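*Asks:* Put chains B and C on the given structure of chain A with help from the hints.
In order, the protein sequences belong to chains A, B and C.
All residue numbers for the first sequence refer to full-length UniProt numbering, where the first residue is 1 and numbers rise by one.
All residue numbers for the second sequence refer to full-length UniProt numbering, where the first residue is 1 and numbers rise by one.
All residue numbers for the third sequence refer to full-length UniProt numbering, where the first residue is 1 and numbers rise by one.
Some clues are possibly wrong.
[Claimed, not checked] So the derived label-pair ranges between C-beta atoms look like this:
hint : chain 1 : residue 1 : chain 2 : residue 2 : range
1    : B       : Lys189    : C       : Gly219    : 45 to 55 Å
2    : A       : Leu125    : C       : Leu125    : 25 to 35 Å
3    : C       : Leu214    : B       : Glu127    : 49 to 59 Å
4    : B       : Val174    : C       : His124    : 20 to 30 Å
5    : A       : Val178    : B       : Glu127    : 19 to 29 Å
6    : A       : Thr190    : B       : Glu193    : 48 to 58 Å
7    : C       : Glu193    : A       : Ile304    : 36 to 46 Å
8    : A       : Glu193    : B       : Val30     : 39 to 49 Å
9    : C       : Glu127    : A       : Glu193    : 30 to 40 Å
Hint data in this document are derived by calculation from the structure and do not stem from the laboratory.
Here the structure is a predicted model, which means the values were calculated and not measured.
Ideal Cβ placement from N, Cα and C applies to all residues, glycine included.
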Amino acid sequence: MSLLLKEIRHNPMLWLLVAVPVVFVAAALVPEAHTALFVLSVLAIVPLAGLLSHATESVAAKTGDAAGGLLNATLGNLTELVIALAALGAGQYTLVKASIAGAIVTNTLFMLGASFLLGGLKYHLQEFNRASARLQAGLLFLATIALLMPSAIAGMESTSAAAATQKLSLGLAVLLIVGYGLGLLFSLKTHREVFSGAEHEEAEEAPWPIGLALATLAGVTVLVALVSEIFVESVQKAAEAFGMTAAFVGFIVVALVGGAAEMASAFSGARKNRLDLSVGIALGSASQIALFVAPVLVLVSYLIGPSPMDLQFWPGAVVMVLFATMTAMFVTNSGRSAWFVGVLVLMVYMIFAMTLYILPPAGQ
Amino acid sequence: MSLLLKEIRHNPMLWLLVAVPVVFVAAALVPEAHTALFVLSVLAIVPLAGLLSHATESVAAKTGDAAGGLLNATLGNLTELVIALAALGAGQYTLVKASIAGAIVTNTLFMLGASFLLGGLKYHLQEFNRASARLQAGLLFLATIALLMPSAIAGMESTSAAAATQKLSLGLAVLLIVGYGLGLLFSLKTHREVFSGAEHEEAEEAPWPIGLALATLAGVTVLVALVSEIFVESVQKAAEAFGMTAAFVGFIVVALVGGAAEMASAFSGARKNRLDLSVGIALGSASQIALFVAPVLVLVSYLIGPSPMDLQFWPGAVVMVLFATMTAMFVTNSGRSAWFVGVLVLMVYMIFAMTLYILPPAGQ
Amino acid sequence: MSLLLKEIRHNPMLWLLVAVPVVFVAAALVPEAHTALFVLSVLAIVPLAGLLSHATESVAAKTGDAAGGLLNATLGNLTELVIALAALGAGQYTLVKASIAGAIVTNTLFMLGASFLLGGLKYHLQEFNRASARLQAGLLFLATIALLMPSAIAGMESTSAAAATQKLSLGLAVLLIVGYGLGLLFSLKTHREVFSGAEHEEAEEAPWPIGLALATLAGVTVLVALVSEIFVESVQKAAEAFGMTAAFVGFIVVALVGGAAEMASAFSGARKNRLDLSVGIALGSASQIALFVAPVLVLVSYLIGPSPMDLQFWPGAVVMVLFATMTAMFVTNSGRSAWFVGVLVLMVYMIFAMTLYILPPAGQ
Numbered sequence: 001m002s003l004l005l006k007e008i009r010h011n012p013m014l015w016l017l018v019a020v021p022v023v024f025v026a027a028a029l030v031p032e033a034h035t036a037l038f039v040l041s042v043l044a045i046v047p048l049a050g051l052l053s054h055a056t057e058s059v060a061a062k063t064g065d066a067a068g069g070l071l072n073a074t075l076g077n078l079t080e081l082v083i084a085l086a087a088l089g090a091g092q093y094t095l096v097k098a099s100i101a102g103a104i105v106t107n108t109l110f111m112l113g114a115s116f117l118l119g120g121l122k123y124h125l126q127e128f129n130r131a132s133a134r135l136q137a138g139l140l141f142l143a144t145i146a147l148l149m150p151s152a153i154a155g156m157e158s159t160s161a162a163a164a165t166q167k168l169s170l171g172l173a174v175l176l177i178v179g180y181g182l183g184l185l186f187s188l189k190t191h192r193e194v195f196s197g198a199e200h201e202e203a204e205e206a207p208w209p210i211g212l213a214l215a216t217l218a219g220v221t222v223l224v225a226l227v228s229e230i231f232v233e234s235v236q237k238a239a240e241a242f243g244m245t246a247a248f249v250g251f252i253v254v255a256l257v258g259g260a261a262e263m264a265s266a267f268s269g270a271r272k273n274r275l276d277l278s279v280g281i282a283l284g285s286a287s288q289i290a291l292f293v294a295p296v297l298v299l300v301s302y303l304i305g306p307s308p309m310d311l312q313f314w315p316g317a318v319v320m321v322l323f324a325t326m327t328a329m330f331v332t333n334s335g336r337s338a339w340f341v342g343v344l345v346l347m348v349y350m351i352f353a354m355t356l357y358i359l360p361p362a363g364q
Numbered sequence: 001m002s003l004l005l006k007e008i009r010h011n012p013m014l015w016l017l018v019a020v021p022v023v024f025v026a027a028a029l030v031p032e033a034h035t036a037l038f039v040l041s042v043l044a045i046v047p048l049a050g051l052l053s054h055a056t057e058s059v060a061a062k063t064g065d066a067a068g069g070l071l072n073a074t075l076g077n078l079t080e081l082v083i084a085l086a087a088l089g090a091g092q093y094t095l096v097k098a099s100i101a102g103a104i105v106t107n108t109l110f111m112l113g114a115s116f117l118l119g120g121l122k123y124h125l126q127e128f129n130r131a132s133a134r135l136q137a138g139l140l141f142l143a144t145i146a147l148l149m150p151s152a153i154a155g156m157e158s159t160s161a162a163a164a165t166q167k168l169s170l171g172l173a174v175l176l177i178v179g180y181g182l183g184l185l186f187s188l189k190t191h192r193e194v195f196s197g198a199e200h201e202e203a204e205e206a207p208w209p210i211g212l213a214l215a216t217l218a219g220v221t222v223l224v225a226l227v228s229e230i231f232v233e234s235v236q237k238a239a240e241a242f243g244m245t246a247a248f249v250g251f252i253v254v255a256l257v258g259g260a261a262e263m264a265s266a267f268s269g270a271r272k273n274r275l276d277l278s279v280g281i282a283l284g285s286a287s288q289i290a291l292f293v294a295p296v297l298v299l300v301s302y303l304i305g306p307s308p309m310d311l312q313f314w315p316g317a318v319v320m321v322l323f324a325t326m327t328a329m330f331v332t333n334s335g336r337s338a339w340f341v342g343v344l345v346l347m348v349y350m351i352f353a354m355t356l357y358i359l360p361p362a363g364q
Numbered sequence: 001m002s003l004l005l006k007e008i009r010h011n012p013m014l015w016l017l018v019a020v021p022v023v024f025v026a027a028a029l030v031p032e033a034h035t036a037l038f039v040l041s042v043l044a045i046v047p048l049a050g051l052l053s054h055a056t057e058s059v060a061a062k063t064g065d066a067a068g069g070l071l072n073a074t075l076g077n078l079t080e081l082v083i084a085l086a087a088l089g090a091g092q093y094t095l096v097k098a099s100i101a102g103a104i105v106t107n108t109l110f111m112l113g114a115s116f117l118l119g120g121l122k123y124h125l126q127e128f129n130r131a132s133a134r135l136q137a138g139l140l141f142l143a144t145i146a147l148l149m150p151s152a153i154a155g156m157e158s159t160s161a162a163a164a165t166q167k168l169s170l171g172l173a174v175l176l177i178v179g180y181g182l183g184l185l186f187s188l189k190t191h192r193e194v195f196s197g198a199e200h201e202e203a204e205e206a207p208w209p210i211g212l213a214l215a216t217l218a219g220v221t222v223l224v225a226l227v228s229e230i231f232v233e234s235v236q237k238a239a240e241a242f243g244m245t246a247a248f249v250g251f252i253v254v255a256l257v258g259g260a261a262e263m264a265s266a267f268s269g270a271r272k273n274r275l276d277l278s279v280g281i282a283l284g285s286a287s288q289i290a291l292f293v294a295p296v297l298v299l300v301s302y303l304i305g306p307s308p309m310d311l312q313f314w315p316g317a318v319v320m321v322l323f324a325t326m327t328a329m330f331v332t333n334s335g336r337s338a339w340f341v342g343v344l345v346l347m348v349y350m351i352f353a354m355t356l357y358i359l360p361p362a363g364q
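The shape of chain A in the complex, shown without the other chains:
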């Protein structure tokens, strides 16, 4: 417990934890103050995501390489998953889908671009492991093809009845999860030497004892779930107040909030000239969303949602995810980076954000 407090004292981001009790009190006292609840829940999720990430790494460090890698890979996007589950339970499928597409785009463009820019402002030219980056970009590309295929095709056909799309989404979700499992077998077992280096250097600080880590993992997950419910309830009304659509909030705001902890790691890696780490976190996290989080949400929607959720995204999201992964493939292909590469990648992200803000998808 004192370790937890020490961590909190030394990490300014964790001071935001004060927003956690505040948001619960506020939700009980002024349930109609949607804008305030929205801001407070965002502020509360950021430090919780940081704790969750640290706890996951600590458990992973204790359980050894293979199991730890599996844990990291599965729980690495736990925050995004919990928020999306809350939105799923509330039947807000637009928000869920926007947060899936947005997390992929934000990780590949914002996290990668800002890493390149921050690193490039300090170092003239930065190099990173081409082979590993290329493999991860490839996984990401194929994963997004898989994820987007039904939207890309169904969107153009007139016969795409809702029932068929639903059936296809279910089949694809199963296929993606099988692919994800085989990918873990590949990267953690049969070909782990290709991926080594990048993944585990992250844990610089002494890991927590296993008991504390497990307790934090459990406790914080519950807290994130509770805060997420307040977030999801308030987001619609708050978005209207800020002039934002549910698609914009899911695509940009949820993705930035849910990924805050990983971004801190990626940016810190870039500033230490360890771009392998940054590229690994950004692309790895993005493919995990596509291959694991998205299909899990489809499967879970049969259990907790008001109706099953399909994988049909609005056309703009399809275009953005595709361009984002193509950009990631291109900029990681050379294994070298400079500040302007970061600027260009961030520009693409800003263009997406601007487009979504000004031209929201129809009917949302």
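*Replies:* Only chains B and C this time, still in chain A's reference frame:
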């Protein structure tokens, strides 16, 4: 003749030749048994395609490098061409177009992916000639851009009258064949050293004498043509019985059946750690379909079809062919492969197949 | 002045300058002879563009590296800019947009492809600086994503009201110009060593004295502007006479005419086995159109146009620009070229031209 019999005895695939007489007898006796005729004609085409492929290689081996290369390049997809001609004569343009798009996708995804997987299950990491693979992937990419351009553009414009699309398709067909001829000049004459190695290692077994080879070539082509007619007649009704559309049958079934012989060569190359061979067969075959078979079918449609055929594919086919060639470009770019790369490429193929099965193109 | 005359005497292209007075006289005497005026104005712009290009280089050579680079980068597409401004003033937005998209496509496909072909006919294999080409292709790719995003997304959404598209285009124009400025800072200041070599070898002939160069720059710009007005007035009617649409004229004719001077440099570089130069001119010019010329036209349309211009291109243009930049990325990725690569790139260009000629965009 005894050589032919010896070949048949040693190659289990050729035992399927028994289906050839059976399908003719069945077609004469029970012309209404569409499902049985469909299955029998598929079983009959597979070994015939194998014989055709072996005969072509034998003739090519006898006629020397340049002429042999030309022959291999022109007759390499003879089975696909003959089946498509049968469908063309019957006016089944959806089936023809589906089999063109499907052959490109099946060669680049299924043949390549299964080669990577089969090779990767035996060897930890496999390397292949990057320069040659890149060149072939580039030809394929540019060829499919050429092939898809009218669909990609015309599909989006409201003024795309059928007559204009027809005119454009004719012009493009001529352009593609000119490009194909120049490509042969390039790969067989001016820059053959870049492509050397991969192409001719294929013929391991002693080639047949030229007389037997030519007779087999002629005789088997006639047999394929006759079986194809039964296949095309039965496919529509049989597909309905299996719950498949003409698009699915053309895209998946015809492509797998027509390419069976090449697949056997590509897979055997991968198991012998000669991925150059597998990549060369897969990508070479795919670009040949795009640059030669497709435009020949357009030109022939003016002679034998009920009306001229254009090159306008349904939107889903355009997306699939594009994604397939982009995948091929990406996975062959590094010159290295492992089993999971094969899994991912095959996953994309399964996603396409699943999508086509569940969400068939409108009006088919 | 004698230097200018000497240049004219030695450069056959400049003999076309005789068309300049002729077109002014013709415009005054026979203002209804649209076809003749169109042909004459095209003939007049080609040599003027050549002079403009030489004058810009001479001024750049005198003012030192950084300022000279800035000048070259800003005035390199002055001809295209002046023609587009004339069309903008006349409210011909289809022509303006077609000439933006066409200049990108023509520079990346025709200029690059013809350079590869011309060089390849003389040299068996040509090599060029991969790193620099890749960086330029990357800038181009990201620039076109930026430029096309509103069209790609807005075209698919039903809520894309004109006002929102206009607002988005204005925001994007500002963003693109900021990106362009940062790109100049990158290539001329912080990372000039990456781009060095290719840019300045161009000026082989002795540069003009600064006074002559500045006077030529000013005088010829005025002449181009005047001729452009005649061109823009006559193009619509002349295009009809030739059976061409405004989109075809802008996309193909204006782009070829406006880029004639740069093409002469690029082709001459290729024939001297200096493909770095050719690739640099082709891709640099294309990204300059996307990042600088296009947004400047949007901003200027608020001042001189009848109404503000947005960045929404017709769908076919979006597809063509995307495929063109993907082709450029692919063929420059290996750093090697042979004649057939040029043939394939030119084939893609011919396919685009053929498609535009036969299937013009709706309503034009």
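*Asks:* Now, for every hint given, state plainly whether the structure supports it.
*Replies:* Results for each hint:
1. Look at Lys189 of chain B against Gly219 of chain C: about 52 Å separates their beta carbons, and that is inside 45 to 55 Å.
2. Checked against the hint of 25 to 35 Å, the C-beta distance between Leu125 of chain A and Leu125 of chain C comes to roughly 29 Å, which is consistent with it.
3. Under the hint 49 to 59 Å, the C-beta atoms of Leu214 of chain C and Glu127 of chain B, about 58 Å apart, fit the expected range.
4. Between Val174 of chain B and His124 of chain C the beta carbons are some 29 Å apart, a value that agrees with the proposed interval 20 to 30 Å.
5. Checked against the given bound of 19 to 29 Å, the beta carbons of Val178 of chain A and Glu127 of chain B, roughly 28 Å apart, stay inside it.
6. Checked against the hint of 48 to 58 Å, the C-beta distance between Thr190 of chain A and Glu193 of chain B comes to roughly 36 Å, which is inconsistent with it.
7. At roughly 57 Å, the beta-carbon separation of Glu193 of chain C and Ile304 of chain A lies outside the given 36 to 46 Å, and the hint is violated.
8. At about 60 Å, the CB distance of Glu193 of chain A to Val30 of chain B disagrees with the hint of 39 to 49 Å.
9. Roughly 33 Å separates the CB atoms of Glu127 of chain C and Glu193 of chain A, a value that falls within the hinted 30 to 40 Å.
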